Amino acid sequence: MILLRSLLYLLTMVISTILLAGTLSLIGWLLPFRQRCLIANSWGGVNLWFLKRLCRLDYQVEGLDKIPQSGAIILAKHQSTWETMALRYLLPPEQAWVLKRELMWVPFFGWATATVQPIAINRKAGRRSGKQVIEMGIKRLQQKRLVIIFPEGTRVAPGEHKRYGMGGALLAEKSGVPVIPVVHNAGSFWKRRDIRKYPGTVRMIIGDPIPSAGRKAQEINHDVESWIESTLKTIQ
Numbered sequence: 710m711i712l713l714r715s716l717l718y719l720l721t722m723v724i725s726t727i728l729l730a731g732t733l734s735l736i737g738w739l740l741p742f743r744q745r746c747l748i749a750n751s752w753g754g755v756n757l758w759f760l761k762r763l764c765r766l767d768y769q770v771e772g773l774d775k776i777p778q779s780g781a782i783i784l785a786k787h788q789s790t791w792e793t794m795a796l797r798y799l800l801p802p803e804q805a806w807v808l809k810r811e812l813m814w815v816p817f818f819g820w821a822t823a824t825v826q827p828i829a830i831n832r833k834a835g836r837r838s839g840k841q842v843i844e845m846g847i848k849r850l851q852q853k854r855l856v857i858i859f860p861e862g863t864r865v866a867p868g869e870h871k872r873y874g875m876g877g878a879l880l881a882e883k884s885g886v887p888v889i890p891v892v893h894n895a896g897s898f899w900k901r902r903d904i905r906k907y908p909g910t911v912r913m914i915i916g917d918p919i920p921s922a923g924r925k926a927q928e929i930n931h932d933v934e935s936w937i938e939s940t941l942k943t944i945q
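Heads up, the sequence shown is in my numbering, so the first residue is 710 and it goes up one at a time.
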């Protein structure tokens with residue numbers, strides 16, 4: 710039954726992506742930026758709704774009031790596809806995601822993503838990609854957008870831990886903008902490379918802003934990593 714429900718959900722996700730991403734791909738560039746973002750957010754909301762109805766996978770969020778309406782750096786745990794939908798839907802619409810540029814080439818999804826102006830990096834470029842995150846990140850912050858980064862760079866299974874990249878912390882050091890850490894246990898219900906979605910309730914916790922003004926990136930990164938990993942142990 711779990712597999713059947715998950716297959717039905719996959720079908721709805723494909724359809725919603727084609728419809729909403731297709732709309733953005735075709736007319737997104739003609740719309741004001743906020744309108745494009747609202748359409749992108751609706752994609753996340755629609756898929757979370759179907760996830761609850763079909764797979765009986767709900768969510769609970771703590772600390773959403775800690776997110777400002779604009780101009781903040783979000784560093785989040787990355788365990789599954791769930792958080793890409795949840796963050797897109799739950800956070801204020803004008804967002805700038807740091808992502809690998811290959812995603813921009815995915816039909817419909819990538820084309821639509823381009824309309825909401827992400828920070829698309831070449832992960833093989835090394836220091837140049839880090840410089841791009843800082844330069845474009847500062848620009849997006851000045852435009853009053855939320856910059857969203859997965860510091861581990863890829864999805865990490867529950868119980869595993871990868872090195873936290875310095876890009877987000879360096880952006881915080883250079884901009885002086887606080888970092889807001891986000892943790893969740895979505896990987897326990899929606900596993901990487903597994904089509905099955907297990908019933909339950911994903912818990913997402915948003916932490917207090919971590920100050921960055923006058924601090925070094927290493928110190929900021931340490932505080933973010935310590936909070937995320939210690940908090941994760943309480944919800945897994």
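Honestly, the hints are just simulated from the structure, not real lab data.
Since we're looking at a predicted model, the values are computed, not measured.
Treat the hints with care, since some could be wrong.
Unchecked claim - Okay, derived cross-link-like pairs now, EDC-like style, lysine to aspartate or glutamate, Cα gap no bigger than 16 Å in a straight line:
(1) Lys833 to Glu811
(2) Lys848 to Glu861
(3) Lys883 to Asp917
(4) Lys775 to Glu938
(5) Lys900 to Glu869
(6) Lys871 to Asp917
(7) Lys942 to Glu844
(8) Lys883 to Glu844
(9) Lys809 to Glu861
(10) Lys871 to Glu811
Claimed, not checked - Just the calculated beta-carbon pair ranges, DEER-fashion:
(11) Gly731 to Asp917: 38 to 44 Å
(12) Met710 to Gln769: 22 to 28 Å
(13) Leu812 to Gly923: 19 to 25 Å
(14) Arg872 to Lys848: 23 to 29 Å
(15) Leu812 to Met710: 17 to 23 Å
(16) Ile711 to Ser751: 24 to 30 Å
(17) Gln927 to Glu844: 32 to 38 Å
(18) Lys761 to Lys925: 29 to 35 Å
(19) Ile736 to Gly923: 42 to 48 Å
Even for Gly, the Cβ is constructed at its ideal location relative to N, Cα and C.
_Structure versus earlier hints - violations, ascending order_ = 2, 3, 4, 6, 7, 10, 13, 15, 17, 18
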